[in-house]
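Engineer: What follows is the residue order along each chain.
There are 2 protein chains.
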Amino acid sequence: MLSQRTARLTSSLIRDILAAAQRPGMISFAGGLPASETLALPRLEDVPDGVMQYGPSEGEPALREAVAERARAMGMRCDASQVLILTGSQQGIDLVSKLLIDPGTPVLLEAPTYLAALQSFQFFGADCRSVALGEHGPDLDALRAGLAAKPAFAYLIPTFQNPSGRCYDAAHRDATAEALDAQQVLLVEDDPYRELVYDEACERTPLCARLTRAPWIYLGSFSKTLAPGLRVGYLIASPELFPYLLKLKQAADLHSNRLSQWLVLSQLQGDFAGHLARLRTLYRERRDQMHAALSEQLGEAASWQCPPGGLFFWLQLNTPGIDTRTLLPEAMARGLAFMPGEPFFPNAPAAVSAMRLNFSHSDPASLRQGVRLLAELLHEQQEG
Amino acid sequence: MLSQRTARLTSSLIRDILAAAQRPGMISFAGGLPASETLALPRLEDVPDGVMQYGPSEGEPALREAVAERARAMGMRCDASQVLILTGSQQGIDLVSKLLIDPGTPVLLEAPTYLAALQSFQFFGADCRSVALGEHGPDLDALRAGLAAKPAFAYLIPTFQNPSGRCYDAAHRDATAEALDAQQVLLVEDDPYRELVYDEACERTPLCARLTRAPWIYLGSFSKTLAPGLRVGYLIASPELFPYLLKLKQAADLHSNRLSQWLVLSQLQGDFAGHLARLRTLYRERRDQMHAALSEQLGEAASWQCPPGGLFFWLQLNTPGIDTRTLLPEAMARGLAFMPGEPFFPNAPAAVSAMRLNFSHSDPASLRQGVRLLAELLHEQQEG
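Chains as they are written, first to last, in the UniProt record's numbering: chain A, 1 to 384; chain B, 1 to 384.
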């Protein structure tokens, strides 16, 4: 009775973890939530009258223009007519899946990659292939070979990647764009973390800005900088792809919430730069606190790169062969939630001995206490 | 490069009509917009702090409970755990399509039916079959035969149907529910217009409340009663279907806008009954004005049922063989937009000589002037 794709709806492990992480007293490194104290309630003065009525599927014209202006400042060629406002950038992943994936369609991803994108692509039946992500970007030989096999698209998160926190350097950005252009493979670039930069020297110009021949879809979000609860994101697409995406958006939910589009616009037009600066200061402190706690408690048990931006540490246990999913029940019993590494891999190896730790949502005391709980658990594990 | 389903994205005729209908000076009977003066801007006092943060995919618990309570008052067996808050009820159609439709899946619909549902089902590859809708409900013999062929589901709009304005009477509701139960075919009941009732004697108890064996999904909306711009709708599902729909919702946009859920809840907890009473009074007047204008100007050229609720007149021209799409360019040149009948049919006959006219969004002078323009056009057509 149900569709074939429904059988590909993946397990509820992640939902279960995130739900359990809400329990009182639980320290959660599991989700990717902004710090709640950074989420100011908006004032609703001067809201234009029309926002309660049906609106355009494309989004509010003034917000599309503001997004285009910001995209141009990032180095992209972008007209407002290429901007589609979304109900969160997660919706962009759904639209991309509908636009591009039939059962068996090959798709190229980083390993590890954003698990909710992976789930959506697999749900629509994609043949998900992966390229290992190194410290400064993807394995370029593997990337070129993967693109030569002509996937329908490559889904990449070059800047402060989820879950790894890594940021492609300029050489890897250039080489990746060149390889995409050479094969004319469509790039879907997911870029929700770019404003959360803590080490300013990072190269952050989008890959889309470097392309000259390959078509592209760029996904952006206001959830990490303004308010996830408003569900406002956007995509920017090559002109030839835009009309399809617009029809798909209309079929999905007619248009995005107009009140929230207006609230986002009014914040972009206010002191958004100052807000971002404060956000970076707060999150940089928390990153440094988690890095210090990890160095103190887990310096011998695990390895990690201190992330130059974004929301996550990606912790690789030094003892191989431990599937971190097996650690989770005991961790949660002691009051700590984290995200095991396995669901982030398109084709997971036998035992993924990595985990993702969020540092934006916990206060300093919880960061220290959570790392202490994790260290105790890992040390017992090694002894036991 | 694009998915096979993208080739089934239908034409942009409807988008073009609705876009053109926005032009200054145009009288639009084309869309289904609430009267703008009924859409009050909310006050944002007492908004709970948490609404800017990520929230549950199911929706806000208090809103789910309020929806369940209203559903029970309509006669449905409904617990809050069966309620999923949606980004507009259009999203429910997208989720239903994903859950139930593979290429070639048979689906049973009324003819005519809601065109954006039809488009979504066809986009996912459904084999759309239809049952003619009579004055008091579907042709019951055709319905029973259609259900005996075991479609994956039946999509029905029993109350103030879009586009026909018709309302199943009690006998047709009972017989339809009985036929669904007999074949255990899943019912998707779309019910966005139920509160816009002008002739109070209408039987409006949902079909879902009458089912005893068939699974069901009920789609509800706040767009017609509170504010379409907020994009808040909901579905209620048989318990066995709920977990799938929840996962699909999460994959589509994580969760619905929390601020808007709170605004809807606060209006439900306020004088919602008084608001509905005022809305019905206003729309009843406009319905009566359009009915009077049509009777005066088009009594010989067309036939229609004065709709007991909802937002639309469905006008059948008395001269057969006129495809109303051919009238549209000249009508729009003279300043009138309407929706031609053809896109509302799963398998349209050669020339659909019907059209849908909205009466909620135009003021009395525009209602009269629009009908006058239409009458002139039709009289010229008959003479020409």
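I should point out that these hints are in silico values taken from the structure, not numbers from a laboratory.
Errors might be hidden in some of the hints.
Each pair of labels, with its calculated beta carbon distance range [stated by the list, open to error]:
| hint | chain 1 | residue 1 | chain 2 | residue 2 | range |
| --- | --- | --- | --- | --- | --- |
| 1 | B | Gly75 | A | Glu380 | 51 to 59 Å |
| 2 | B | Arg8 | A | Gly299 | 31 to 39 Å |
| 3 | B | Arg15 | A | Gly134 | 54 to 62 Å |
| 4 | B | Gln381 | A | Ala149 | 44 to 52 Å |
| 5 | A | Glu380 | B | Arg8 | 28 to 36 Å |
| 6 | A | Ala40 | B | Ala170 | 26 to 34 Å |
| 7 | B | Lys150 | A | Gly125 | 55 to 63 Å |
| 8 | B | Ala132 | A | Gly75 | 18 to 26 Å |
| 9 | B | Asp49 | A | Ala273 | 52 to 60 Å |
Over the 12 Å line for every Cβ pair with chain B, so calculated as not near, a few chain A residues [to be verified]:
| hint | residue |
| --- | --- |
| 10 | Gln4 |
| 11 | Met26 |
| 12 | Pro34 |
| 13 | Ala62 |
| 14 | Leu86 |
| 15 | Lys150 |
| 16 | Arg231 |
| 17 | Ser295 |
| 18 | Cys306 |
| 19 | Asn318 |
| 20 | Asp323 |
| 21 | Leu377 |
Just so you know, even glycine gets a beta-carbon here, dropped at the ideal spot from N, CA and C.
Engineer: So, for every hint listed, does it hold in this structure?
Structural biologist: Going down the list of hints, with the structure as the test:
About 57 Å separates the C-beta atoms of Gly75 of chain B and Glu380 of chain A, a value consistent with the hinted range of 51 to 59 Å. The hint said 31 to 39 Å for the Cβ distance between Arg8 of chain B and Gly299 of chain A, and at roughly 56 Å that hint is violated. Separated by about 45 Å at the C-beta atoms, Arg15 of chain B and Gly134 of chain A break the suggested range of 54 to 62 Å. In this structure the supplied range 44 to 52 Å is violated for Gln381 of chain B paired with Ala149 of chain A, their Cβ-Cβ distance being about 58 Å.
Range check, Glu380 of chain A to Arg8 of chain B: about 56 Å between beta-carbon atoms, so the 28 to 36 Å window is missed. At about 52 Å, the beta-carbon gap between Ala40 of chain A and Ala170 of chain B misses the expected band of 26 to 34 Å. Judged by the Cβ atoms, the range 55 to 63 Å given for Lys150 of chain B and Gly125 of chain A is violated: they are separated by roughly 24 Å. At roughly 58 Å, the beta-carbon separation of Ala132 of chain B and Gly75 of chain A lies outside the given 18 to 26 Å, and the hint is violated.
Between Asp49 of chain B and Ala273 of chain A the CB atoms are about 25 Å apart, so this pair departs from the stated range of 52 to 60 Å. For Gln4 of chain A, the non-interface assignment is contradicted: its Cβ lies about 5 Å from the closest Cβ of chain B, within the 12 Å cut-off. Annotated as non-interface, Met26 of chain A keeps its C-beta farther than 12 Å from every C-beta of chain B; the closest such distance is 16 Å. The claim that Pro34 of chain A is not at the interface with chain B is violated, since a C-beta of that chain comes within 12 Å of its own (minimum 7 Å).
Every C-beta of chain B lies more than 12 Å from that of Ala62 of chain A, the closest at about 15 Å, which supports listing it as non-interface. Its closest Cβ contact with chain B, about 8 Å, brings Leu86 of chain A to no more than 12 Å, contrary to its assignment away from the interface. For Lys150 of chain A, the non-interface assignment is contradicted: its Cβ lies about 9 Å from the closest Cβ of chain B, within the 12 Å cut-off. Remark: the non-interface label on Arg231 of chain A conflicts with the geometry, its nearest Cβ contact in chain B lying 5 Å away (cut-off 12 Å).
At roughly 29 Å, the least C-beta separation between Ser295 of chain A and chain B is larger than 12 Å, which holds for a residue marked as non-interface. No Cβ of chain B comes within 12 Å of the Cβ of Cys306 of chain A; the nearest lies about 25 Å off, and the non-interface call holds. Residue-level check passed: Asn318 of chain A sits 33 Å from the nearest beta carbon of chain B, beyond 12 Å. In this structure Asp323 of chain A is separated from chain B by more than 12 Å, as the shortest Cβ-Cβ distance comes to about 23 Å.
Non-interface status of Leu377 of chain A relative to chain B is upheld: no Cβ of that chain comes within 12 Å, the nearest being about 26 Å off.
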